[in-house]
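Going line by line, the protein sequences match chains A and B.
Final position of the first sequence in my numbering is 328; the numbers increase by one with none missing.
Final position of the second sequence in my numbering is 712; the numbers increase by one with none missing.
No wet-lab data here; the hints were simulated from the structure.
Don't take every hint at face value.
As the list claims (entries may be wrong) - So the derived list for chain A, only partly shown, Cβ under 10 Å to chain B, looks like this:
1) Ser37
2) Gly45
3) Asp73
4) Gly74
5) Asp76
6) Ser81
7) Ser83
8) Leu185
9) Lys198
10) Ile217
11) Tyr250
12) Thr274
All figures in this text were calculated on a predicted structure; none of them were measured in a lab.
Yeah, the Cβ is synthetic: ideal placement off N, Cα and C, and Gly gets one too.
Letter by letter, the chains look like this.
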Amino acid sequence: MAKYVLEVEHLKTYYYTYKGIVRGVDDVSFKLEEGESLGIAGESGCGKSTLAFSLLKLVPPPGRIVGGKIVIDGQDIVKMSESEVRSKIRWKKISMVFQGAMNALNPVYTVGYQLAEPLIYHKGYSKKEAIEEAKKYLEMVGLAPEIVNRYPHELSGGMKQRVVIAMALILRPKIVIADEPTTALDVVVQAQILNLLKKLQRELKISIILITHDLSIIAELADKVAVMYAGKIVEFGPLDKIFLEPKHPYTQALLKSIPRLRGSKEKLEWIPGTPPDLRNPPPGCRFHPRCKFAMDICRKEPPPEVYLEPDHRVLCWLYGKEKRNSQG
Amino acid sequence: MSKQQLKLPPRDEVLKAIEKKVGEKLLLYAYKLRKWFPIRRGIKEVLTRQPPRFVRAVDTITFYIKEGETFCLVGESGCGKTTTGRTLIRLLEPTGGYIFYKARPETIKEIKELQKNVYVKDGFIDLTSVNAKKFKPLRKELQIIFQDPYGSLNPRFKIKDILEEPLLVHGIGETLEEREKIVLKALEDVKLTPPEEFAYRYPHMLSGGQRQRVGIARAVILNPRFIVADEPVSMLDVSIRAEILELMNELKRKYGLTYLFITHDLAVARYICDRIAVMYLGKIVEVASADELIDNPLHPYTKALIAAVPEPDPELRYKFKEVPIKGEVPSAAAIPPGCRFHPRCVALDQHPELREQCTTVEPDLIEYENEHYVACWLYRRGQS
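Based on the provided sequences and hints, a complete structural model is requested.
Laid out in structure tokens, this is it:
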């Protein structure tokens with residue numbers, strides 16, 4: 001049996017705002033095997049960043065994890081206290097490359113010190129040792145070790161992104177979450193960063209959880225894909241299945257909306273309407289107001305989770321039919 | 329004065345040559361357009377009388393745009409594509425060069441009444457010869473859609489007020505009712521229906537895609553001919569990009585618009601544009617029709633850009649992407665001598681015989697094949 005590095009079960013993260021409860025992540029489950037990479041795709045506001053923050057137990061208030069389990073390496077972190085998460089889990093087992101990494105660095109400290117900081121606090125290294133170690137990681141991400149003495153403003157966008165990646169790796173976590181790691185970068189630099197992530201994934205055997213709205217980036221890196229819509233995972237499966245035989249109407253529409261550089265220049269499709277307000281999502285299937293195939297039942301009852309294959313599941317009434325008929 | 333000023337041939341000659349080449353369809357021609365931003369000098373530099381330094385954001389570029397086409401400027405951030413777009417419609421003052429634009433006869437008449445010494449010939453007006461304070465009649469024809477739909481709409485204005493403002497400025501629509509009618513029609517044009525409902529909302533009540541539609545409505549409400557679209561979809565989700573692009577195409581057909589479309593995404597450019605110009609560090613390095621440029625790129629930089637675009641193909645994750653380019657973009661304040669791409673060029677390593685030429689002389693943009701222009705020494709052997 002394969003060993004799971006990450007198991008998420010029925011995770012719910014809600015934001016308690018004055019205007020009502022925003023269900024950012026609503027009943028999300030998935031498992032990740034060791035060394036496997038996951039891509040999470042979805043439009044802005046679908047809850048993908050909230051999911052990422054939940055995995056680190058870093059949900060900003062008024063958000064809170066209200067239910068479910070996050071099991072990392074056999075330990076459920078939802079039940080742990082903050083100090084325990086900080087000393088045992090965060091950055092050691094799971095770390096993160098934040099969105100807009102250019103602004104994630106502190107402008108008044110040298111790159112080297114910022115990189116070395118986790119080593120000093122978590123592993124008790126002296127400052128000198130820690131900086132030596134930091135140099136190794138800078139080399140690993142393709143930067144010159146001399147950069148330790150530089151300040152962030154002296155580096156280009158691509159270099160800063162590399163530094164932030166090195167920072168996420170420095171305590172050797174098994175899981176690295178990358179939240180839109182390339183959105184602010186130019187295509188050439190983006191390709192270089194993706195190559196770097198691919199290389200690290202192979203050499204260090206880490207699991208990367210890649211969060212992006214751009215499906216073409218996921219195709220470059222992930223083994224499995226989770227497509228999120230309005231706080232729920234609507235389709236989950238291996239990369240090839242999702243890209244070649246997408247089942248959920250939302251996934252299909254997303255794939256058709258990407259302008260492609262090569263191949264035929266067919267007319268692009270798009271998804272009409274806007275994502276729902278997560279304070280009070282539409283009844284039944286949350287996607288039904290924008291769905292081409294919406295049926296009566298979609299408007300009334302939430303769709304079932306249908307396993308088309310052991311590793312490919314979809315949340316949609318289109319595929320629920322057979323199952324329902326056989327039951328009744 | 330210094331190198332900043334260019335010696336330009338007389339306007340008549342330039343205009344005649346391009347009219348002969350492009351013919352009837354010519355709408356806009358930028359000739360040796362230049363926008364340099366001065367860098368503030370330190371006290372030491374002033375005292376030692378160092379020459380002033382400049383960021384050469386747009387460095388002597390020449391291109392034409394035909395009526396009814398979508399012309400794309402593609403390049404990495406900082407290559408000067410936005411500056412080019414803004415300089416073209418005089419939101420920034422050009423440092424040098426000519427911009428010939430075929431304006432409507434009534435606009436030319438209006439301008440001539442305001443200012444005597446404008447250059448007008450064959451229906452073309454040189455935008456650089458118009459005094460900035462007398463530019464207003466032309467603003468109706470030259471519009472812009474901004475990149476950021478969140479920052480470009482005044483949060484204290486209702487959508488109706490945002491769209492009404494240009495009408496008031498230009499004195500269109502005498503009564504409130506008349507103006508309201510125009511505003512509602514513009515909202516309908518960009519498919520914000522029902523328009524009555526959207527007109528009284530504030531920008532924060534709209535999604536990103538809807539805001540960008542307001543941005544588009546604001547650009548088309550004065551019935552322009554030429555619109556600079558500055559990365560109109562880069563801040564939007566992939567799922568609604570296609571919708572906005574399709575809307576822009578539809579408006580183009582309906583109102584006979586011409587776009588200068590600025591983007592960093594070649595896939596988007598291929599989808600919406602007729603011709604693409606690739607910019608690198610303030611210079612156009614290649615121009616061709618969209619399909620020709622992507623299927624048959626000539627310049628090493630274009631090749632690298634195309635190789636770098638991610639594709640939604642699951643096979644790719646087993647491979648490393650090879651992007652034939654070295655290093656990083658140099659600063660626009662310290663542009664390398666010769667071909668400005670040479671420090672990053674991979675082709676240069678394969679052709680050592682060109683090294684001297686590439687590192688000392690800047691290549692011009694030449695027509696390599698029919699309407700496929702390239703600025704690279706590789707394609708000029710025996711010609712220089």
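Verification of the hints:
Given the 10 Å rule on beta carbons, the hint for serine 37/A holds: about 9 Å separates it from the nearest Cβ of chain B. Annotation: glycine 45/A was flagged as interfacial toward chain B, and the flag holds, the nearest CB pair being 9 Å apart, inside 10 Å. Because the beta carbon of aspartate 73/A sits about 25 Å from the nearest beta carbon in chain B, more than 10 Å, this interface hint is broken. This hint is violated: glycine 74/A has a C-beta 29 Å from the nearest C-beta of chain B, more than the 10 Å allowed.
The beta carbon of aspartate 76/A is not positioned within 10 Å of any beta carbon in chain B (closest approach about 31 Å), and the interface hint is therefore violated. Here the hint on serine 81/A is broken, as its CB sits about 37 Å from the closest CB of chain B, past 10 Å. Nearest Cβ of chain B to the Cβ of serine 83/A: about 38 Å, over the 10 Å cut. The hint is violated. Hint on leucine 185/A holds. Least Cβ distance to chain B is approximately 9 Å, under the 10 Å limit.
The interface hint given for lysine 198/A holds, since its Cβ lies 6 Å from the closest Cβ of chain B, which is under the 10 Å cut-off. The interface hint given for isoleucine 217/A holds, since its Cβ lies 5 Å from the closest Cβ of chain B, which is under the 10 Å cut-off. This hint holds: tyrosine 250/A has a C-beta 9 Å from the nearest C-beta of chain B, less than the 10 Å allowed. Satisfaction of the interface hint for threonine 274/A is found here, the shortest Cβ-Cβ separation to chain B being roughly 5 Å, below the 10 Å cut-off.
Violated hints, in rising order: 3, 4, 5, 6 and 7; the structure is consistent with all others.
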